[in-house]
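Below are the chains, spelled out letter by letter.
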Amino acid sequence: MEKRAVFKSWWLPIVFALPQLLLILCFFYWPVAAVVNWAFTLEPPFGGPAEFVGFANFQEAFADPFYWNSVVVSLIFAIVGPLFAISIGLVLAIAVDRQLPGSGFFRFLYILPYAIAGPAAGMAFRFILSPERGLAASLNAMWPDIWNPAKYGEHALALVIIIFIWKWSGYTFIFLLAGLQSVPRALGEAAAMDGAGPFRRAIDVQVPLLAPTLFFLLVTMMTEGFVGADTFGIVHAVTEGGPNHGTEVMVYRIVDEAFKGLNYSGASAQSIILIGLIMIFTFIQFRFVEKRVHYK
Amino acid sequence: MADIAIRAVRKSYGKTPALHGVDLFFASGEFVVILGPSGCGKSTLLRMIAGLEDITGGEIAIDGRVVNRLEPRERGCAMVFQNYALYPHMSVAGNIGYALKVSGVPKAERERRIAETAKIVGLQDYLARRPAALSGGQRQRVAMARAIIREPKVFLFDEPLSNLDAKLRISMRAEIRKLHQRLSATSVFVTHDQVEAMTLADRLVVMNRGHVEQVGRPLEIYHRPASTFVASFIGAPAMNLVRSRVEVESAGIRFGGAMVAIDPAFAAKLRGQDVTVGIRPEHCCLAAPGDGGVEARVDFIEELGVGRVAYCEVDGLPFAISLDDHTVVAAGDSLFLTLPSEHLHFFDIESGRRIETDAAAPVAAPAASQHSEQTMGVH
Numbered sequence: 001m002e003k004r005a006v007f008k009s010w011w012l013p014i015v016f017a018l019p020q021l022l023l024i025l026c027f028f029y030w031p032v033a034a035v036v037n038w039a040f041t042l043e044p045p046f047g048g049p050a051e052f053v054g055f056a057n058f059q060e061a062f063a064d065p066f067y068w069n070s071v072v073v074s075l076i077f078a079i080v081g082p083l084f085a086i087s088i089g090l091v092l093a094i095a096v097d098r099q100l101p102g103s104g105f106f107r108f109l110y111i112l113p114y115a116i117a118g119p120a121a122g123m124a125f126r127f128i129l130s131p132e133r134g135l136a137a138s139l140n141a142m143w144p145d146i147w148n149p150a151k152y153g154e155h156a157l158a159l160v161i162i163i164f165i166w167k168w169s170g171y172t173f174i175f176l177l178a179g180l181q182s183v184p185r186a187l188g189e190a191a192a193m194d195g196a197g198p199f200r201r202a203i204d205v206q207v208p209l210l211a212p213t214l215f216f217l218l219v220t221m222m223t224e225g226f227v228g229a230d231t232f233g234i235v236h237a238v239t240e241g242g243p244n245h246g247t248e249v250m251v252y253r254i255v256d257e258a259f260k261g262l263n264y265s266g267a268s269a270q271s272i273i274l275i276g277l278i279m280i281f282t283f284i285q286f287r288f289v290e291k292r293v294h295y296k
Numbered sequence: 001m002a003d004i005a006i007r008a009v010r011k012s013y014g015k016t017p018a019l020h021g022v023d024l025f026f027a028s029g030e031f032v033v034i035l036g037p038s039g040c041g042k043s044t045l046l047r048m049i050a051g052l053e054d055i056t057g058g059e060i061a062i063d064g065r066v067v068n069r070l071e072p073r074e075r076g077c078a079m080v081f082q083n084y085a086l087y088p089h090m091s092v093a094g095n096i097g098y099a100l101k102v103s104g105v106p107k108a109e110r111e112r113r114i115a116e117t118a119k120i121v122g123l124q125d126y127l128a129r130r131p132a133a134l135s136g137g138q139r140q141r142v143a144m145a146r147a148i149i150r151e152p153k154v155f156l157f158d159e160p161l162s163n164l165d166a167k168l169r170i171s172m173r174a175e176i177r178k179l180h181q182r183l184s185a186t187s188v189f190v191t192h193d194q195v196e197a198m199t200l201a202d203r204l205v206v207m208n209r210g211h212v213e214q215v216g217r218p219l220e221i222y223h224r225p226a227s228t229f230v231a232s233f234i235g236a237p238a239m240n241l242v243r244s245r246v247e248v249e250s251a252g253i254r255f256g257g258a259m260v261a262i263d264p265a266f267a268a269k270l271r272g273q274d275v276t277v278g279i280r281p282e283h284c285c286l287a288a289p290g291d292g293g294v295e296a297r298v299d300f301i302e303e304l305g306v307g308r309v310a311y312c313e314v315d316g317l318p319f320a321i322s323l324d325d326h327t328v329v330a331a332g333d334s335l336f337l338t339l340p341s342e343h344l345h346f347f348d349i350e351s352g353r354r355i356e357t358d359a360a361a362p363v364a365a366p367a368a369s370q371h372s373e374q375t376m377g378v379h
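Those sequence lines, one after another, are chains E and W. Per the UniProt record's numbering, numbering of the first sequence is gapless, rising by one per residue and ending at 296. Per the UniProt record's numbering, numbering of the second sequence is gapless, rising by one per residue and ending at 379.
Everything hinted at is true.
Below, a list of computed lysine-lysine pairs in the DSSO-like style, where the Cα atoms sit at most 30 angstroms apart: (1) E:K291 x W:K101; (2) W:K119 x W:K101; (3) W:K153 x W:K178; (4) W:K107 x E:K291.
From the structure, some residues in chain E lie toward chain W, with a derived Cβ separation under 8 angstroms: (5) P184; (6) A186; (7) L187; (8) E189; (9) A190; (10) A192; (11) M193; (12) D194; (13) G195; (14) A196; (15) R200; (16) P208; (17) L209.
Calculated from the structure, these hints are not laboratory results. This one's a predicted model, so the numbers in the text were calculated from it and none came from an experiment. Just so you know, even glycine gets a beta-carbon here, dropped at the ideal spot from N, CA and C.
Using the sequences and the hints given, assemble the complete structure.
Have a look at this one:
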């Protein structure tokens, strides 16, 4: 017996859906339309009608060396961060999946970072990994400037990526643990009988059978790395894109240009490029990586 | 080739005991079947030999070496799992050769041995396929090949045939038997299927609720079940078990309106005690209605093709009788039975353990049976 509500009139279901439709319209379709509009026009900063400029906004972005810098920074961020987050989540998930004593406690512990907002984690790490306190201070005393994110762009980029990894490992961990628990126990046991130790079993049996989960995480995490709220939030809270644009990821640059530089047109053009970049990456992943995923 | 000694092995999950002190010895090259209902601890015992379960107490030795703390790979056992546990992402060749790959056998030799092993189980044409593209029987063969290729000292089978259809099960049973003759490695086979157990075993271990009920050759167990549990578990249909009192004066037991004679010496030994008496459906003989005998009312008939089974009622209790092709009966009929005393089994009413009849009457069985193969009259 399937229970189904059937609406007799055509307008009643629309009224029910209306609040959600309005929200989507206001916060998704309208902004998208505005971005496309702005990307091809020039909005005068002091008001007045927008002027159609064709691809000039894009040309301007491409001509800017700082723009290309932000593309490189974003690529590093969105590749290194997710790869480490997935690998660490995988190692933790395999460890917890062995159900050794105390694994219930660790399972809880490993999920926790995901519950913390990116900017909040960023603030915490700003202190934990600040060059003049704690472990980093001792290291700097021995080898001056071995760790100084306030001074070196590479160090600052490493810092924001570490925060991203710390938080998102908890997320990948949940998915990978769920994936592992759907791998039949008997397979691991068969591999153990075949002489494989825990490490070998993980590589030969567990990871291949996790391929669908790993692929899903790769796609979602890279998207997160490019445009995620945390990517912006962490950079904003920790480095503000500095030093010397060293951590200026594309999303940060877009927000910075739009709301500090008031260059809506340039920021809109960059947004569209960013969306295009994500589409290309996702396409590559589906085209070349998914072929090697066994769903069965 | 290795023997397996199981000494006072216990297993508990938390506070729940699963095995209560099991002592067994499997000789080198023997084919042992562990039989029992689900939850009796037979799989647990097998997995403890394999090294997949921790041993709570006692010790297990393979080839004289205590293996309690050894990893599965160090024990020299190969195992065939109930659900085959094939690696779904590897080809048949990959599945069969995985153990060799792990132990670092060079590729050329590995391929040679995979081909050899595949031939033994008749899979040479399927090496490139994935398990998903195989039938149940073929998957079963891959699982066997995977065990064979390691040339193990001990084969462990965890209900390997239970997922196959009836016909395939019979042919795989024969193949496992042939394989054992050829490889002659010590084999331990766990099953809940008594036909599998009877046909495969050199020696049979019957388990119930974490205890070993009886160990022996299949026929020995069939003919001299050590307890009511074994008596009712082995044989189809199950042995008829009735509670009765041994009457010393008449040297018999009262049953179904008749007196069933038993050996007088034995009757004297039990002197008026209550016992559980058992007789297999195939050992009940028909008597002419006038001759007296145990009266059984037929409830329903099960046709087996070769013969039939009449499910009857005697003294209000269910009682099964195997009949041959020529005996035609219908539900509601009355059958009159003689119960030959040499086929009667006696069990203690409290413990369910067997009470030996020939300890009391050590005379040659044929003489004793001829003497007592008469039945008492009807009333």
